[in-house]
Each structure stands twice: as structure tokens, then as C-alpha cells.
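**Q** Dock chain B against the given chain A, drawing on the hints supplied.
For the protein sequence lines, the chains are A and B, in the order given.
All residue numbers for the first sequence refer to our numbering, where the first residue is 1 and numbers rise by one.
All residue numbers for the second sequence refer to our numbering, where the first residue is 1 and numbers rise by one.
Hint data in this document are derived by calculation from the structure and do not stem from the laboratory.
Heads up, the beta-carbon is just placed ideally off N, CA and C, and yes, glycines get one too.
There may be inaccurate statements among the hints.
Every beta carbon over 12 Å from chain A, so not counted as near; a handful from chain B, in silico [unchecked claim]:
| no. | residue |
| --- | --- |
| 1 | SER68 |
| 2 | THR243 |
| 3 | SER272 |
Quick list of in silico lysine-lysine cross-link-like pairs, DSS-like style, CA-CA up to 30 Å [to be verified]:
| no. | chain 1 | residue 1 | chain 2 | residue 2 |
| --- | --- | --- | --- | --- |
| 4 | A | LYS23 | B | LYS7 |
| 5 | A | LYS22 | B | LYS7 |
| 6 | B | LYS2 | A | LYS22 |
| 7 | A | LYS25 | B | LYS140 |
| 8 | B | LYS184 | B | LYS302 |
| 9 | B | LYS2 | A | LYS23 |
| 10 | A | LYS147 | A | LYS284 |
| 11 | A | LYS282 | A | LYS294 |
| 12 | A | LYS104 | A | LYS22 |
| 13 | A | LYS25 | A | LYS406 |
| 14 | A | LYS147 | A | LYS237 |
| 15 | A | LYS294 | B | LYS4 |
| 16 | A | LYS284 | A | LYS294 |
| 17 | B | LYS184 | B | LYS46 |
| 18 | B | LYS46 | A | LYS25 |
| 19 | A | LYS104 | A | LYS237 |
| 20 | A | LYS215 | A | LYS90 |
| 21 | A | LYS406 | A | LYS221 |
| 22 | A | LYS104 | A | LYS294 |
| 23 | A | LYS90 | A | LYS25 |
| 24 | A | LYS294 | B | LYS2 |
| 25 | A | LYS237 | A | LYS25 |
| 26 | B | LYS7 | A | LYS284 |
| 27 | A | LYS22 | B | LYS4 |
| 28 | A | LYS237 | A | LYS294 |
| 29 | A | LYS23 | B | LYS4 |
| 30 | A | LYS215 | A | LYS104 |
| 31 | B | LYS100 | B | LYS45 |
| 32 | B | LYS55 | B | LYS45 |
| 33 | A | LYS147 | A | LYS90 |
| 34 | B | LYS7 | A | LYS294 |
| 35 | B | LYS140 | B | LYS55 |
| 36 | A | LYS90 | A | LYS104 |
| 37 | B | LYS46 | B | LYS100 |
| 38 | A | LYS23 | A | LYS215 |
| 39 | A | LYS90 | A | LYS284 |
| 40 | A | LYS25 | B | LYS7 |
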Amino acid sequence: MTMFTHSLLILVVIAAVFALAKKLKLMTELAMLLSAVAAVVAHLLLPKGADPRSPLPFLEIIRHLVEGSMTYLDVCLIFLSATFFMTLYKEAGGVAFIVRGIVKAFHARRFVCLLLLTFIMLVPGAITGSGATTVLTVGALVGAVLKVMGVSENRRVALVFLLAAMSAACPPINLWAMMAAAGANMPYVGFEAPLALLAIAGALFSTYYLAGRGKPVDLEKALAELPEAPAGWRGWKAALPFLVLILLVAAGRIWPFSFPVVGLPLVFMLSSLATVLVSPVKPKVFQVAATTVKNLLGLVGIMIVVGVLNQVMTLTGARGLLSLAVVTLPIAVLFATLWLILPVSEGVLQYAVAPLFGVPLIMLFNMLGFNPVVSLSAWAVMWPVGDCLPPTAIVGRAAVMELDYKGSYYGGFIRAALVPMLFILAISTAAMIFSNDLAGLLGG
Amino acid sequence: MKLKWAKIAVLLVMAACAAVAGFLFHEQRVYREAVAASPHLTQVKKLSDYSPAIKGTVNDCNVYVFDSGVPGGTALLIGGTHAEEPVALVSALVFTENLKVTQGRVFVIHRVNTSASTNTRLGEAYPRFFHVEAPWGVQKWRMGDRVANPLDSWPDPEVYIHYPSGQNLAYMDIRNLNRNWPGKADGLLTERTTFAAMELIRQEGVDLTIDFHEAELEYPVENTIVAHERGNEVAAMTSMMLTSQTFRVPIGMEFSPKALHGLSHREVGDHSDAVSYLFEVAEPMLDRIRGITDEELLMSGKDRFVMKAGEHNLLYAPIDESGWPFDLRIARHVTTAQTLIQVNNMLHPDQAILMEGIPSYQDILDQGTGAFLRDPAAAPPEQVYYD
Chain A
1 MTMFTHSLLI LVVIAAVFAL AKKLKLMTEL AMLLSAVAAV VAHLLLPKGA
51 DPRSPLPFLE IIRHLVEGSM TYLDVCLIFL SATFFMTLYK EAGGVAFIVR
101 GIVKAFHARR FVCLLLLTFI MLVPGAITGS GATTVLTVGA LVGAVLKVMG
151 VSENRRVALV FLLAAMSAAC PPINLWAMMA AAGANMPYVG FEAPLALLAI
201 AGALFSTYYL AGRGKPVDLE KALAELPEAP AGWRGWKAAL PFLVLILLVA
251 AGRIWPFSFP VVGLPLVFML SSLATVLVSP VKPKVFQVAA TTVKNLLGLV
301 GIMIVVGVLN QVMTLTGARG LLSLAVVTLP IAVLFATLWL ILPVSEGVLQ
351 YAVAPLFGVP LIMLFNMLGF NPVVSLSAWA VMWPVGDCLP PTAIVGRAAV
401 MELDYKGSYY GGFIRAALVP MLFILAISTA AMIFSNDLAG LLGG
Chain B
1 MKLKWAKIAV LLVMAACAAV AGFLFHEQRV YREAVAASPH LTQVKKLSDY
51 SPAIKGTVND CNVYVFDSGV PGGTALLIGG THAEEPVALV SALVFTENLK
101 VTQGRVFVIH RVNTSASTNT RLGEAYPRFF HVEAPWGVQK WRMGDRVANP
151 LDSWPDPEVY IHYPSGQNLA YMDIRNLNRN WPGKADGLLT ERTTFAAMEL
201 IRQEGVDLTI DFHEAELEYP VENTIVAHER GNEVAAMTSM MLTSQTFRVP
251 IGMEFSPKAL HGLSHREVGD HSDAVSYLFE VAEPMLDRIR GITDEELLMS
301 GKDRFVMKAG EHNLLYAPID ESGWPFDLRI ARHVTTAQTL IQVNNMLHPD
351 QAILMEGIPS YQDILDQGTG AFLRDPAAAP PEQVYYD
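In isolation and in its complexed conformation, chain A is listed as follows:
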């Protein structure tokens, strides 16, 4: 048996055990963990090819499993702290106050209101690089406004997801581009224009396609239906926690050499503290913390297990085989399939796909004479589109959770999002194919 066959069989074992576990009604997280463990067992049992290999002691297997589980620890901390902040803000009545304010101000101006909502959604992801952070901080707020504007449940959750995905793609922070560029030793320079062009075009198309049309808002009816904000909220009070958030993040950019590195988890906790201080009612902090952890267990669990699976796939050669399979495809086939490969792989591995596929693809495209900055920007806009796909579906699941969506995940939510998703993938594919022309136009 060659190493190719070995790694291929590992992939088969992973897929088979996952499918079997799902058939037995196990949770996705447990199904993935079992497939990772099965992959290690298969790795130990199957011949590994002609070349000599090092022994893999039992204790080292445990070390690999635990080490892999730490891969996305930072991301999990951000999820937890961001959700805690927004849940606290919601509990204090801040969300109700802002939503009522937006509805009062913009009920007669749908176009402007949608533009404002798009901007509100793009900012958190653009500065943190995380679509889940966008959903967890402003998703519920925007979803509530969209509901008042008469946007259907399916379209609401689809739009919140798509704007979150585009916010993650939006510059200045695009983690996929940054990780792939770092892996290829490229400076993260020149990405702003192509990323902004593709992400903003995708966001605006999504907004006006999904929510552009609708009946005028009946202000009185809408205000009657919206929850009342507790007395005592004022504009400055509602803005203060977000100002703390924006100022702490912006300060790191404005004074990078003198302002201390705070870290997003602490930034969100300080914003939470500001919420407690300005709130006219006393929020139940410990209850909110407990609810936050409970609600996010699935999301955090999947990130932990994805890390384990990634480590096991690397150990066994399965990850390398996938990467090799992609980069050895003929270029025409790559152009025809990357729009599918990238989102699907994102659904499986999350940010880990950026160095896995991104680095060899950069080398390949560079070698073939395509502009690597524009090409990587195009991929970095396609990847987050896959954040609603199984098995992880991190941002999709967060949108469902935040908007309390009760409809069908695939038949309702994904179906509604399909046209804008295809639009984003189409313009990104075009940007990749014409990367040199686009680079010329953008001054790259």
C-alpha cells in the first residue's frame, strides 16, 4: 500500500464514521470527534507505504488530540466574550432602544435605512475579521429592524449571514488573506482595494436583493409590536458601550506603537462593563454569562473538534492529500471548481483552509503569471461564503441562534441566500480569472 492509498483510506474512514455517527443521531461535534479518533486508529493499523516511519506512541496520540483542540482557542474566547456583551446589552434593553430609534428615524426611507444597516453589519467583521463576531454583536439588532421593515424570516437570516460573511471578507482585516499571505511570506499589502470591491459589491447586492423591496413601514404598528426599552435609556448611554468597543479597537490602529495590546476578549468585557454602568436597569450578569456559555456550547464545541480533526488529518497525511489534489488540478478545472471547493472546505476546516489551500494556490497562481494579491483576495471573499455549510456552519448557526430562526435551515435559510451567494462567487471567480487586469485597474 502506498502513502497515497493510506491517506485516501484515512479520508474514507473519516467520511464513513461521520456518516454512521450522524445516522445514529449523534451530534455533529461528537460525530466529528469520533471520525478523528477512528482516523488515528486507522492510521495505526494501515500500512503507510514504502518509506520508513517513526513510531507513534499512545501518549503522543493523546497529545495530538488535545493539542488540536486548542487550535481555535482565541476564536472561541472572542465568540464567548462578544456574545456575553451583546446578550447583556440586549438584557439591559439597549437593543430595543436602538431598534426603536432606527425605525422612528428611517421608516420612510427604506434605501437609506438598508444602506445604514449594511454599514452597521460590515464594521464589526471588517475590524475583527470574524463573521461570527458580527452576528453575535449586531446581528440580532439588524434582524429586528429587518423584521419591522417586512423582510421575511428566511430572507432576514439569509441577509444577516451574508452581511456577516462579507464583513469578515471586508478589509482591513481579512483573516484568510492574512493567514495565507503570512504562510507565503507575502506582506499583507495591496489587499484593501480588491477585498473592499468584492466584499462591498457582495454586501450591497445581498442587501437590496433580499430586502430591497417591501411595503412601507407602518410606524405606529411597528412601534407597538417592538419591545419597549426600559425608561432611562438615552442616545449617549446606548452609544457608550459601542464607543468603548470602537475606541479600544481603533486606538490599537491609531497608536499602534504606544497603545497596549488589549485583545478582543478583554475589549468585549470592558464594553460589557460599560453596559452595566450605563444601564438604567440592573442586568443579571451571572445569569447572562451562564446563558451565553450554554447557547455557545455547540459553536465552541465545533471549533474545538475541527481543530482536533485538522491535527489528525495533518498527522495522517489526509490534509496533504487534499491540498495536493487541489493544486494538481488543471488550471481550467481549478477556475471551474474553486468557487465550490473553497466554500465547502471552509465549512469543514474553517480558517485552517487559508494556509492549507491558500499557500499552495498562491505559489501556483504566481508561477502561472496571475496576480497573487487579487487572486488571494478573490479566494478570501469566497471562503466566508462557506461559513453556513456543514459540518461547522459557524456563522450560519450563529445567525439562526441570534435571530431565533425557526424555519428550515436548507429549505428556508440557505435557499433564500443562494442567489446572492452565487453572485459573490461569480464576481470573485471573475476577479481571479482577470486578476492581472483588475490589478491594473486598481493600481496594483
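**A** Frame of chain A, contents of chain B only:
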């Protein structure tokens, strides 16, 4: 009731796994790497002797000093910038354990980013240690990460803005030592480390620095000397000599890009009088398209998936059945460093550094790296140090 016991059982299994892994992580973090230094070593200093910025931190590494007492040039050899590139560490070590300087001075650092060697790279499934067989036994070192351990430097900023250029880089690069030159006295751990190293270079009047690295075969900067513009002539002549006379696979020479900040070959040359060079050699274990990841791959440098990519012309270095073995990679780095210093002696006689005791390219290939490592247990205690 059954579910309750099942949950308790799962919790106990997880706790046991965490305890086992915790023990192994701790073992790697505290493992001391023995160095049996050459009898001709003059002095061992700490990097904090040059700047208090890193005093008391894990990155306050040893600086091995070989001073002939005869006026001449001064060179600094840097290993361990990226702890996942172990040939960089051992190449520097071959100098420390064998060197005799008869003119000028040589400074050697093995673990410039010690923190990075105290954990492995998440998701890359690296072994925790690697081993080299020597005539007297087996020598063992930590196999680390590309960047500093988050236990020593955390949290990262959302985006890393390089000092002083203002260039944006990925957040984790704040812990990547070769994105943090020339450093910052009050910055984070890696910024403070490079600041202290720059102080060493400035205070000791170093003439040339050599930063040892390894690179994936998919990476275009491969099997090469990257040189600051003031070192182009020396690097070009070294490359020509080695390619025509010694190496089977040629070694190239590249100009340090002026727009790419934070790297030693750019910033050391820009912020001191030293001329900065960086050496790269092929290491298949760093390729994302590699197959099974284990110590065997690290040492043999032989991978079927990488070879398949070569058949598709996707690589910047050749690879065949013989792979890129550890000894070959060491031999290239050690020989390139010696040759570059010799060429520098020719072109800049006022900076002459004369060295003895370093094995030749063929010696290392024939006898293996282990033949040039000294047994710490047999060496006089005053010659044994720990990184």
C-alpha cells in the same frame, strides 16, 4: 441515572487526556538542551547583557562568544529564529561545539526565539522533539513552532503593525521573530528580543549577520542567500563558488526586498552597520502538501506527496528518492556560512575572520552531523551550557 454516570465517565476520560497532554507539554517547555561548547569558546553572555528589555524572560538566550584577541571582523550567527526549522539551530550549534577563531570574533546564538521552541505548532502535528545519533549516543532537541509561545506573549493585536515601518501583517506575526526586526524596547516579547539582538549588533560592532532558516519547496525563496544590498557582491560570489565547486543543487542569491519589512536581511542592514544575510535550505516537512507528518520526515526530508508536486512543476527546489536529509541541509548551511565569511575576508580584508575546526561539506555528508557534536556528559562541566 445512566446518563449521569456516562457524563462522569466522559469527564474523567477528558481530564485524564488533559493531564497526559499537560505533562507532555510541560516536559517540552522545561526540557534543557545541553551544549558541549568548543574548548576555544571565550565567553558566554546573555542577550540581556546588551539590553534589559528581555531580562527575566524566556528569550534571554545564551550568546556564545569566540574572541581570538586578534583584530579583525565580527560575525553573528543566528539560529532558532523559527523553531520549526531545526537545521537552523543545529547548524549554529555545529559552530559552537567545534569552532576555533584565530582572527576576529564570532558570536553564536542557537535559540534566538527560545519561547517558540517551547510548544509545537497547533494543527501541524509536529513531533515534540527530534534526535540526532552521535558516536557517543543520541542528542535530543525541542521541535517548536514558527512563532513565540502564547504562554509568553498573549494576546495578539487584531492586526500586527510593524515598528517602525507601519506595515500591516497577520496578527500572529507579532510573535514571529523574523517579522519583528529591528524591534522595540517596550514592545511585546519578540519585538523586545530583536531590539536586544540589534543592541548586541550595534554595541559589539558586528560586521555581518547570518540568519539560518529552512523553507518549504513550494516557496520561491529557496536554497538561496538573501542579502541586504550592501552584501550583494559577497553573496553573489559565495553563490557562484558553492554552485560551481561544491553543491549538487545550486544555491542562489536574492536581493532583500525593500518593501518587505521586519525581516533580518532588510532591517539589520538598515538599522546598523552590519551587513545582513539570510540562508534558506529546502525542508519538505514545511510543505502544506506533505504526507504523513513525523520525525522520520523531518530527518529524511523525503515525502512522496511533495515529490508528486515536483512532477507537476509546482516546486522551486528539486526532490527525488534521496529527499533532503538532515545532514545535507546542515552541510549546506555550515558550508555556506564558512564560504561567505571567507569571501567577505577577501573583499573586506579589514573585517577578516579566520576560523578552524568547522567540518567541511563532505565531512558532514560522509560522517553525519552527529560526528561533530560533543558528548555533554563527557565534556568538562565548565564547557557545558544549557539553552
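**Q** Take the hints in turn and mark each one as holding or not.
**A** Verification of the hints:
1. With a least CB separation of 37 Å from chain A, SER68 of chain B remains clear of the 12 Å interface cut-off, as annotated.
2. Distance to chain A confirms THR243 of chain B as a non-interface residue, since its nearest Cβ pair spans about 22 Å, more than 12 Å.
3. Non-interface status of SER272 of chain B relative to chain A is upheld: no Cβ of that chain comes within 12 Å, the nearest being about 20 Å off.
4. Of the supplied pair hints, the one linking LYS23 of chain A and LYS7 of chain B holds, its CA atoms being roughly 22 Å apart against a limit of 30 Å.
5. The hinted pair formed by LYS22 of chain A and LYS7 of chain B meets the criterion: a straight-line CA distance of about 20 Å does not exceed 30 Å.
6. Straight-line distance between C-alpha atoms of LYS2 of chain B and LYS22 of chain A comes to about 22 Å, which keeps the hinted pair within the 30 Å bound.
7. For the hint pairing LYS25 of chain A with LYS140 of chain B, the CA-to-CA distance comes to about 47 Å; that exceeds 30 Å, so the pair is violated.
8. About 40 Å separates the Cα atoms of LYS184 of chain B and LYS302 of chain B, which puts this hinted pair outside 30 Å; it is violated.
9. With a CA separation close to 22 Å, the supplied pair LYS2 of chain B and LYS23 of chain A stays within the 30 Å bound.
10. For a cut-off of 30 Å, the pair hint linking LYS147 of chain A to LYS284 of chain A stands: about 27 Å separates their Cα positions.
11. Note on LYS282 of chain A and LYS294 of chain A: the hinted pairing holds, with a Cα-Cα distance of about 21 Å set against a maximum of 30 Å.
12. A threshold of 30 Å between alpha carbons decides the hint, and for LYS104 of chain A with LYS22 of chain A the separation of about 47 Å lies outside it, so the pair is violated.
13. Proximity of LYS25 of chain A to LYS406 of chain A is assessed by CA-CA distance (about 20 Å); at most 30 Å being required, the pair is judged to hold.
14. The hinted pair formed by LYS147 of chain A and LYS237 of chain A meets the criterion: a straight-line CA distance of about 25 Å does not exceed 30 Å.
15. At most 30 Å may separate the alpha-carbon atoms for a hinted pair to count; LYS294 of chain A and LYS4 of chain B meet this at roughly 18 Å.
16. Our distance criterion of 30 Å between C-alpha atoms is met by LYS284 of chain A and LYS294 of chain A, whose separation comes to about 15 Å.
17. For a cut-off of 30 Å, the pair hint linking LYS184 of chain B to LYS46 of chain B stands: about 18 Å separates their Cα positions.
18. Taking the CA atoms of LYS46 of chain B and LYS25 of chain A, the gap is near 59 Å; set against the 30 Å cutoff, the hint is violated.
19. A threshold of 30 Å between alpha carbons decides the hint, and for LYS104 of chain A with LYS237 of chain A the separation of about 18 Å falls inside it, so the pair holds.
20. Using a Cα cut-off of 30 Å, the hinted pair LYS215 of chain A and LYS90 of chain A holds, with the two alpha carbons roughly 28 Å apart.
21. Of the supplied pair hints, the one linking LYS406 of chain A and LYS221 of chain A holds, its CA atoms being roughly 23 Å apart against a limit of 30 Å.
22. At roughly 34 Å between alpha-carbon atoms, LYS104 of chain A and LYS294 of chain A are farther apart than 30 Å, so this suggested pair is violated.
23. For the suggested pair LYS90 of chain A and LYS25 of chain A, the alpha carbons sit about 34 Å apart, so the restraint of at most 30 Å is broken.
24. Between LYS294 of chain A and LYS2 of chain B, the direct Cα distance comes to roughly 22 Å. Compliance with the 30 Å bound is thereby established for this hinted pair.
25. Distance hint between LYS237 of chain A and LYS25 of chain A is unfulfilled; the C-alpha atoms sit about 47 Å from each other, more than 30 Å.
26. The straight-line distance between the Cα atoms of LYS7 of chain B and LYS284 of chain A is roughly 29 Å, inside the 30 Å bound, and the hint therefore holds.
27. Distance check on the hinted pair: LYS22 of chain A and LYS4 of chain B sit about 23 Å apart at the alpha-carbon level, within 30 Å; holds.
28. Restraint check: the Cα-Cα separation between LYS237 of chain A and LYS294 of chain A comes to about 28 Å, which is no more than 30 Å; the hinted pair holds.
29. Straight-line distance between C-alpha atoms of LYS23 of chain A and LYS4 of chain B comes to about 24 Å, which keeps the hinted pair within the 30 Å bound.
30. As the CA atoms of LYS215 of chain A and LYS104 of chain A are separated by approximately 16 Å, the hinted pair is consistent with the 30 Å bound.
31. A C-alpha spacing of about 18 Å is found between LYS100 of chain B and LYS45 of chain B, which places the hinted pair at or below 30 Å, so the restraint holds.
32. For the given pair, LYS55 of chain B sits about 12 Å from LYS45 of chain B by alpha-carbon distance, which is consistent with the 30 Å threshold.
33. Between the alpha carbons of LYS147 of chain A and LYS90 of chain A the distance comes to roughly 17 Å, so the proposed pair stays at or under 30 Å and holds.
34. Proximity of LYS7 of chain B to LYS294 of chain A is assessed by CA-CA distance (about 16 Å); at most 30 Å being required, the pair is judged to hold.
35. Taking the CA atoms of LYS140 of chain B and LYS55 of chain B, the gap is about 27 Å. The hint holds against a cut of 30 Å.
36. A distance of roughly 19 Å separates the Cα atoms of LYS90 of chain A and LYS104 of chain A; the hinted pair therefore holds under the 30 Å criterion.
37. Proposed proximity of LYS46 of chain B and LYS100 of chain B is supported: the alpha carbons are some 21 Å apart, at most 30 Å.
38. Between LYS23 of chain A and LYS215 of chain A, the direct Cα distance comes to roughly 44 Å. Violation of the 30 Å bound is thereby established for this hinted pair.
39. Of the pairs offered as hints, the one joining LYS90 of chain A and LYS284 of chain A holds, with about 11 Å between alpha carbons and a cut-off of 30 Å not exceeded.
40. Taken as a hint, the LYS25 of chain A and LYS7 of chain B pair is honoured in the structure, with Cα atoms around 18 Å apart against an allowance of 30 Å.
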